Amino acid sequence: MKIQNIWDLNKLEEKGIRSLAPKRPKISIGLSTCGVSLGADNIFEKMNREKEKHALKISIGQTGCSGFCDLEPMAIVRMPGKPPLLYTQMTVKKIKQMIQDIKRKKITQEGLLCKIGDPALPRRPDPLLNEIPDYQEASPFKDQYRLLLGNCGVIDPLSVSEYVAMGGYSALYKAFYQMSPGEVVEEVIRSGLRGRGGAWFPTGIKWDMARKTTSEEKFVICNADEGDPGAYKDRTIMEGNPFKLFEGIVLAGYAIGSHLGLIYLREEYPHTYQFLNKAIDIAKRYGLLGRNVLGSNFNFTLKVIRGGGSYVCGEETALMDSLEGEVGDPRLRPPFPIEKGLWEQPTIVNNVETLANIPLIIEHGGEWYAGIGTEKAKGTKIFSVIGQVQQPGLYEVPLGTNLEDVIFKMAGGSLNGGQIKAVQVGSPFGSFLPREKLDISLDPETLRDMGSMIGSGVIVVLDQETCLVDILLHTLSFFVEESCGKCAPCREGVFQMKEIMTAIYEGRATMKDLTDLIDLGEMIKDFALCALGGGAPLIILNGIKDFRKDFEAHITTGKCSWSS
Amino acid sequence: MITLEIDGKRVEAEKGSTILNAAQQVGIQIPYFCYHKEMEPYGGCRLCMVEVTENGFTRLQPSCAYPVKNDIIVKTSTERLIKGRKILAELLLARCPNIDSVINLADSLGVKKTRFLQTDSDCVLCGLCVRVCRNVAKVGAIDFVGRGRNRRPATPFDMPSDDCIGCGSCAYVCPTGAMKMEYENVLRWRKLPGPLRKCRYMRMGFISHKVCANDFQCWNCEVDQRMEDLSTSHPVFMLREARAKERERFGGFEMLSDRLYDEGHIWVKRINGTVRIGIDDFTRQIVGVINDIKLPSVNSFIRQGDPLCIISGNEKTLHMYAPLEGKIVDINPDIIDNPSLISMAPHRRGWILMVEPSDIVQASKELLSGRSATEWMTHESRKFYDFVRENTEMELSPERPIPPDFARTLEPDVWNKIDQTFFMVRRKRRVKLHSIGQAYPTPKKDSKSS
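Just so you know, the protein sequences line up as chains U and W, in that order.
Going from the first sequence to this note's numbering is simple: count from 1 and add 1130.
Going from the second sequence to this note's numbering is simple: count from 1 and add 24.
These aren't lab readings, by the way, just hints derived from the structure by calculation.
Among the hints, a few may not be true.
[Stated by the list, open to error] Distance condition first, Cα-Cα at most 27 Å in a straight line; then the derived DSSO-like pairs of lysine-lysine: (1) U:K1642 <-> U:K1689; (2) U:K1414 <-> W:K340; (3) U:K1224 <-> U:K1176; (4) U:K1342 <-> W:K136; (5) U:K1183 <-> U:K1141; (6) W:K110 <-> U:K1675; (7) U:K1223 <-> U:K1176; (8) W:K340 <-> U:K1655.
Bear in mind that the values here come from a model prediction, so they are computed numbers and not experimental data.
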């Protein structure tokens, strides 16, 4: 079963196409964390029982999440001769109806969202299907550029053959047999890819430095400690298309000359942990991890390690402390992880989304990738839009897309038709932008110039009825809770900021407290050790600048008109 | 020497020193709280921040940790820094309003009172106690517990730690007096029977064996007084020099002091009744990245001189021979998945087998340890570099590591010679030779039990 050469890969691709366009009807249920929490496992079980009871000639499969968790449990119905159909918000009752309809070769209309004209498969025209919108035109997927998420929620995440049918592992094959490690790094440099975890450091340059170090041992760490409140893009990639991530990690290992990869997974993702381990076992069985990957003489081990539930462990140096079994505290730099990282060896730490981009870059070339996005920030970015919007979810758009387009055109604007008061890009560190400042391009440079940051791409939308002081106090409590306590400015300073903010919120403060708050914030910004401490005061400083009215209302009258 | 500019003065500093060291040399005072000259920088108090201008960018950096570089401009007391330090001092004062060292430090920065919410704590969380215990005494009996303001140094579950050696260095380095010497431990030790009353200098590793006859009243003890006299600060800081010898290079190849070495370039480590076996640094450097290994199966029986494993890398193959007789009880599962691990960390994670020796005492006698091992390795190194000079055109020296593709560039006959001179020592000595196919005769009683 091990894939040794191109013929094995081709065979697997054919198998995948057969499974994506099956000869007998197939229903796939979205069984990722969000689907399961909405009862998908129950549906899956009931379907299997129904199938056994009536000896139905259908097959039942699973798929991942497409990024719109409130539409779960989703189901994809593949009937011979028709494109796959995507159904949302399934229940046991609806599924039973659907099975009846499939028997009569009818298309169920209830819950039908769109048809998926599969890029890997020839389109089969059918007059009956004309009025069903296409995947690209259906509401939440409209206007998106789903490079990374395209296969999530469409293919079976644990099926290597389906991933190969979608073009998977051709990049790894190309790298092993046609490119040297140096060329892989060059391709990544040419693509202009920058780290998606929040710091936006050029990935290629990081790899190049790591490749040039001469050391016995090097490590690739995939940072899956997705702690930003409201972010779930990494989980969606891991549960929707894990082999793409593995391919990216192996490519990173090949490029820098490392033989050991570690996925540092957030503690709060127990389902993902089991899922990834299952996927690693499958990849090993296919010879895509472990000894002689893809028949080459390159060995690579991949392991998943769970964190302990601390937010600061998403910071790369604290993450390495945590991996070594210590308390997760950020380290001083220099030395940088590329010089002395995990166990004092050169280490690269990349986000899940960054690594998932690598197979695309190697397969289609760096220049193709550099054609997407803005001048300085290339490629697409997954934004997780949450808060008071019509359709929260993951929106993958090219960098440089207008923020208003994302909020109003794609996510459908404010929830109850009310006015939008503020939008936070890059939660929790990004500052709140007032309604007038929303007409901006979404890229790291624009937001940095505004004194904010794009972070890992969480967009929080707040409507007119929210009190900014309340929200800022809440965010500050998060920082106080998650501060590791190593450096004094963050540990003591942010705590004192929260005390002052509480006083303001409760109407006990004076205007002098506001200047104290600004003084503290300016100091912490400069003096703190890591990005968590340095980023924490930004929202307050910018919040005072943009929403001074809310603060003054609290100080002078003791409350604002929206606080209860 | 490196020249840099601090507050307008040209300063010369040694490579590898920090800005704080360089500033102290020329008498520029930078305040600090968590720095200790005997320990690695921590960067927690942030009082020692300075403005560093490098390549046209000005950034704030902790001077206790930032290395000196040529042509950087350092400013230690700009307006931004003074203002920030004052607020920091206020914050520390708000945390510990009754601690003298904090009050003095705030006073020196011109801060008399704080405008922030005060709490009464006696620990500033400088982390000195945790660091001295973990990094200097190499004990790690205490660590930080909790996060943020709830963080505090403590033993696991706040119970008296069995790991604590009672050296008292944590209390010695504490700047606020918050850390108390662990008297509970001493009281427990007093109840122990005689032979278990180990002296704290024995626990620290200075003396190989000494039992306390003084009822743990160190202030009455001659040994303690002698050690205190020898050391300028706390005796624990003298341990570093002693430890540097632990992992040294001989003839360019790393050797660990806790390992026994076999002349076939295999290390052996005794773990209770079994031994762990792996390849040494010499083999690793010569073979390069190992991408395949063939091993006998678990539970099979090997004799001294039997083939132990076949490693290949850089298109070359090498047979290693067993240094002792015994039953294989375990194989490192990680190297089966990924043989490259062996070349990544041959002494640690890349171990190969666990063997239950038939006669561990006899086996240990035959292996090299201590002085004889280092002398042997130095000799082997000299022999190897002579060999390379005679047989190839490469120029290698013990100062630099062997290039990773060394084995690939060798002609097969040269490689065979290397194999014979350096790795077949054990095999020659044996009377009975096995070819690989019949290499692992399994005794019948073993196969029954498994």
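Consistency of the hints with the structure:
1. U:K1642 <-> U:K1689: holds (18 Å)
2. U:K1414 <-> W:K340: holds (26 Å)
3. U:K1224 <-> U:K1176: Given that 27 Å is the threshold and the Cα spacing comes to 12 Å, the pair holds.
4. U:K1342 <-> W:K136: The given pair, whose Cα atoms are some 52 Å apart, is violated under the 27 Å limit.
5. U:K1183 <-> U:K1141: violated (34 Å)
6. W:K110 <-> U:K1675: Given that 27 Å is the threshold and the Cα spacing comes to 24 Å, the pair holds.
7. U:K1223 <-> U:K1176: Given that 27 Å is the threshold and the Cα spacing comes to 10 Å, the pair holds.
8. W:K340 <-> U:K1655: violated (56 Å)
Checked against the numbered hints above, the structure violates hints 4, 5, 8; every other hint is satisfied.
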